[in-house]
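Novice: If you read the sequences in order, they're chains Z and F.
FYI, in the working numbering the residues of the first sequence are 1 to 210.
FYI, in the working numbering the residues of the second sequence are 1001 to 1210.
The hints are simulated quantities; they were obtained by calculation from the structure and are not laboratory data.
Please read these numbers as outputs of a predicted model, since none were measured by experiment.
Honestly, I wouldn't trust all of these hints.
Claimed, not checked - Stretch by stretch, here's where chain Z covers chain F in the computed footprint (C-beta under 8 Å, at least three residues):
| hint | region |
| --- | --- |
| 1 | 1012-1026 |
| 2 | 1038-1047 |
| 3 | 1050-1063 |
| 4 | 1118-1127 |
For each residue, glycine too, the CB sits at the ideal point set by N, CA and C.
Protein chains: 2
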Amino acid sequence: MSIIESLNWRYATKKMNGNAVPQDKVDQIIEATRLAPTSSGLQPFRLIVITNQELKEKLVPASFNQAQIADSSHLLVFAAWDNYTEERINNVFANMHKERGTPPESTADYQKMLINSYVPRPEEVNFNHAARQAYIALGMALTEAAELKVDATPMEGFDADQFDEFLGLRAKGLKSVVILPLGYRDESGDWLAGLKKVRTPLSEFVIEFN
Amino acid sequence: MSIIESLNWRYATKKMNGNAVPQDKVDQIIEATRLAPTSSGLQPFRLIVITNQELKEKLVPASFNQAQIADSSHLLVFAAWDNYTEERINNVFANMHKERGTPPESTADYQKMLINSYVPRPEEVNFNHAARQAYIALGMALTEAAELKVDATPMEGFDADQFDEFLGLRAKGLKSVVILPLGYRDESGDWLAGLKKVRTPLSEFVIEFN
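Using the sequences and the hints, build the whole thing.
Specialist: Here it is, written out as C-alpha cells:
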C-alpha cells in the first residue's frame, strides 16, 4: 500500500479493542523513530514503551480519562531532553566517532560551536527545540504504524508532570512531550471511525513560487 | 521497499545534482504533509513550495550559503501560524462541517473550549505549539520522500526572518520554521554520502515498562 493510502486509512482512533500488536510491528515503529533525523544528529529525546497494564491504568486519570491509554497494546511516550548540556552533546559525537572510526578532532570545532550556542540558552528554549525533534519522529512512527495497519492516536492531552513522575523521567533528565497509544480500532465503539477525514483544501494549504 | 529500508537509505544530502523531481512525486510528498494529523485537526501551518530558481538563489545567503537551497529541485518551507485566533479556529471547523455535512452546533462547545484556552495564551506559546505540529508533517514528508527515492535535507539553519520577508509570509500570518530542499544526491560531491548512518543504540534509546 502506498504511504498516501495508508495515511488516508489512519485516523486518531478513539476506541481500541485491546488486541495486542505483534512485537515485530512494534519493533519497526520504534526503529522508525530511532532513524528519524534530528538537528545536528543529537536525537534529544527518548522513547518510553509501556506494556504494563497496571501502569497504563494508573496513567488513565493523568490523560483526561481517555480510554486508549488502557486499551492500547503499547503506549509510547516521547520524552525530550530537558536541556542541552555539554556532556550530552559530547556523548553523541563520541558514539558517532566510535561507529564510524573517525577521529574525535574532526568534529571538535563543530561540537564547540554547538555547545557555545546551545548550552547558554534558557532551559525552556532548549527543551522546546528538543521537543520539536521528537515530533519529527512522531510523524515517522505514525507513518510506519499506518503502513503496518496498526492504529495509533497522537495525544497532547495528558498531564506531562504526572507522567514524568510516574515514569521517573526527571531523574533521567527527560520530560514527556507527546504520547502515542498503539493498538487496533474497535470500529463499533468509536464515534470517529465512520467520519470522513477532513483536511485544509490543497489550494489553501500550499503556496507556490514558480 | 519497507519504510525502515527507506529510512536507512535516506540521509541529510549535502550536495544535490540539480535534477528535477517529477511533479507526481512532489505531489505525493505534499499530500503526506497535508494528511499529517495535528492537534485538534487545526493544521496550523502552510507549505510553501519554491521552484523559482531566482528566488531559491536569493535565499542561499539567508541559509548560511548552503548549496542545497539552489541545487534542489523544489524547496519546501514549513510555515506555522504566528498565533491561534478565534477566526482561524472557526474556519477549520466550518470546513469540517461543510465536508462532513454535520451541524455546526455539534462542535460548538469544543470550539469554545479551544478558543478560550488557546487565544489568551502568549503569541510565542501558540507559535511554538503550531510549529511542533508542522514537525509531524516534516516527519511524514521525509518518510514519503525516502520511499520515493527522493533526497531531502531537513534544515533549521536559515534566517527565518529573512525568509518570511522574501516570501511575504508576515502578511499571511505565517512564520517559517523548518525547510526541506528536495532533489537528487550528487554522491561524488557529497562528503556525507559515504559515511555510516549513526544513531543512539536501541538499548539507550528505548526505556521499557513491561
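Novice: Has the region 1118-1127 of chain F got at least three residues whose CB is nearer than 8 Å to a CB belonging to chain Z?
Specialist: n = 0 at 8 Å, threshold three: violated.
Novice: Confirm or reject the coverage of the region 1038-1047 of chain F by chain Z under the rule of 3 or more residues with a beta carbon closer than 8 Å to the chain's beta carbons.
Specialist: With 5 residues in contact (Cβ-Cβ under 8 Å with chain Z), the coverage given for the region 1038-1047 of chain F holds.
Novice: Examine the region 1012-1026 of chain F for residues whose CB is less than 8 Å from any CB of chain Z, and state whether their number is three or more.
Specialist: violated (count 1)
Novice: Are there three or more residues in the region 1050-1063 of chain F whose C-beta lies closer than 8 Å to some C-beta of chain Z?
Specialist: holds (count 4)
The earlier numbered hints that this structure contradicts are 1 and 4.
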